[in-house]
Amino acid sequence: MLGPMLGEAWHAMGSNRMRTALTMLGMVIGVGSVVPIGQGAQYAVAQTISTMGSNLYIVIAGSTSTGGVRTGSGFGPTLNVADAEAIAELDDVTHVAPTHQGTQQLVYGAKNWSATVVGTTPSYLDARSWTLVSGYAFSESDVRSATRVALIGKTAAENLFVPGEDPVGKTIRIRQTPFTIIGVLGAKGQNLDGRDQDDTIIIPLTTAQRKVFGVPFAGSVRVIMVQASSAEAMPSVEKSVTALLRQRHRIREDMDNDFYIRNLAAAADSAAETTRVMSLLLGAIASVSLLVGGIGIMNIMLVSVTERTREIGIRMAIGARQKDILTQFLLEAIMISITGCLIGLILGIGGALLVNAITDMVIVISGGSVLVAFAVAASVGVFFGLYPARKAAALDPIEALRYQ
Amino acid sequence: MAEAVIRVVGLCKSYETAAGLFPALKGVDLMIERGEFVAIMGPSGSGKSTFMNLLGCLDTPTMGEYHLVGRNVAHMPGDELAILRNRTIGFVFQGFNLLPRSNLEDNVALPLVYAHVEREPRREKARQMLARVGLDAYAKSLPARISGGQQQRVAIARALINSPRLILADEPTGNLDSHTSEEIMALFGQLNDEGITIVLVTHEADIAAHAKRQVRFLDGHIVSDVATPARALASC
Ligand SMILES: Nc1ncnc2c1ncn2[C@@H]1O[C@H](COP(=O)(O)OP(=O)(O)OP(=O)(O)O)[C@@H](O)[C@H]1O
Ligand SMILES: [Mg+2]
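As you go down the protein sequences, you meet chains W and S in turn. All residue numbers for the first sequence refer to the working numbering, where the first residue is 68 and numbers rise by one. All residue numbers for the second sequence refer to the working numbering, where the first residue is 217 and numbers rise by one.
What the hints contain is simulated information worked out from the structure, not anything from laboratory work. Owing to the predicted nature of the structure, the values given are computational and were not obtained by experimental measurement. Where hints are given, some of them may not hold.
Said to hold, decoys possible - Calculated Cβ distances over 12 Å to all of chain W for the following chain S residues:
1) Gly280
2) Leu434
3) Ile438
4) Val439
As the list claims (entries may be wrong) - Footprint (simulated), chain S over chain W, 3 or more residues, beta carbon under 8 Å:
5) 383 to 391
6) 462 to 470
For glycine and all other residues, C-beta sits at the position ideal for the given N, C-alpha and C.
Kindly generate the complete structure, drawing on both the sequences and the hints.
Quick look at the structure:
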């Protein structure tokens, strides 16, 4: 019974392609916009925030161009290790990590891989609550004596070593300098910008400055990571860090800071907020489209029932029961909505893959959202198809046969 | 004697109209035995179609009894009526009433769909029936591609596919020219020879002459019920 009915539904759908296509449009747009929502963008942001570390400020070196109070070079690193040490003395500051990072080529045997190299102090791992899965971290004394040791992130390790090979104890080269890997970092995933945090090598700051990056001013750093003891302490920490740095850099009242302070949590919050608003917006578009799509389906099915009144009469005369007619029209409505759903999914997933390919954003496609989309489409079909289908089934055979 | 195919007692049908109840049938008694070929005649508005709709279980009477092959159908639920229409009755309409978007084979096979017959036997039977009316070469054509007479033959093939005991035809030749009408009537004659009971409505005496019995309606009553004169029978 269902076999020929599905065939007929398909047939009926194809007999007026333009109309069917337009009817489906609402479903297509609705489902297409459900795809990125279902992918749990919010989840991804929450994940990222927790991997960055909590209550973090990053102080970024700026320019001295406003006044040239310091050295006359105009641009240049304005932060140094001494600044970091001074910040560490402030109240409510738990960890301070001066860092200097950049992308470098890593060489192991015949393999090459380019990754982010972070030169920093041991507090970096604490500030970012980054744990090791094997080996051990370097210490303050490694930083003092600029030893050539390294901690390797998961992605970098996977690309340099064969599966199953233990990186600990191996020697890799960064800019010709050999580094011994003493620890492997736990996986963190993407950061807010969608960059892979695990594609990282962490080495002592001093070694980085001397052997890898080469800095013009001894002890200067680009970034100092500051962790406050609690979320409540963050505003006061920001104030005291700013005051301290202005004083240390001898910046006059009327002059701008030669550094920037960024609150990572706030950045994360605003990213989360953006995603939330986006999701809400997409959700609203999706619901409105599904509603409009459903009403479109209902409308077209009502038109179809009227157009095919005579056909319904013939079918009834020939022996179709009410439920046969009901099933037939319901199947047709469901088929329209499911086909619309399929097209929406293809476009949505295609769009997501395209975004992934050409931007840094990563949209994860979950099987769950696909299932949800199908379930929603089927329910829209049933819900909005039921009324026209019942109307068709309730027709009086004689009236229907007489219909011109 | 076997149970009559049709036994109608005091059948009444009134339509609700703006001007109140309109009685279209005012107490009709009729008995049609197995294998009969009955022509129903009468002026326009005399209630012929109303009567046929009741015989076809498409409508329910206001009053009276209707026994179809021994079963009282006057107050049967809709789904059972649908099954009766599917298994026991074959309909042939004035306007052919084929599904315009389905090919001839699918049109003919449609009653089997509602009888839950599988796809292959359904096709095979439809082919047989199309061959029976001489149209198997057009199995994949759409109804619009063939002539009216051919469409009516397809409709007859569809009416026959479930081996019904009764064929009801309301003015089956009403849209056809006289030559084609003769062909269709000859086909009905053959079917009747095979034992199928046929009841048809017609306005034309020479069409009615193909039947063995002629029932005349007037104003919701049967006013005459006679065997077709032998002379008329012999002439065809
Ligand atoms: N659905 C209806 N509602 C109201 N009145 C109806 C309805 N159907 C038929 N009638 C009336 O009942 C009477 C009998 O109609 P019916 O169609 O049975 O006549 P008929 O004998 O078949 O006529 P014709 O030869 O023109 O087909 C007519 O007066 C008609 O107007
Ligand atoms: Mg009539």
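The hints, checked one at a time:
Under the 12 Å C-beta cut-off, the non-interface status given to glycine 280(S) relative to chain W holds; the minimum distance is some 18 Å. Look at leucine 434(S): its CB is around 22 Å from the nearest CB on chain W, clear of 12 Å, so calling it non-interface holds up. No Cβ of chain W approaches the Cβ of isoleucine 438(S) within 12 Å, the least distance being about 21 Å, so the stated non-interface status holds. The beta carbon of valine 439(S) is kept farther than 12 Å from every beta carbon of chain W, the shortest such distance being approximately 25 Å.
Taking a C-beta to C-beta cut-off of 8 Å, the segment 383 to 391 of chain W contributes 9 residues in contact with chain S, enough for the three needed, and the coverage statement holds. Interface restraint, the segment 462 to 470 of chain W with chain S: holds (3 residues with C-beta to C-beta distance below 8 Å; minimum three).
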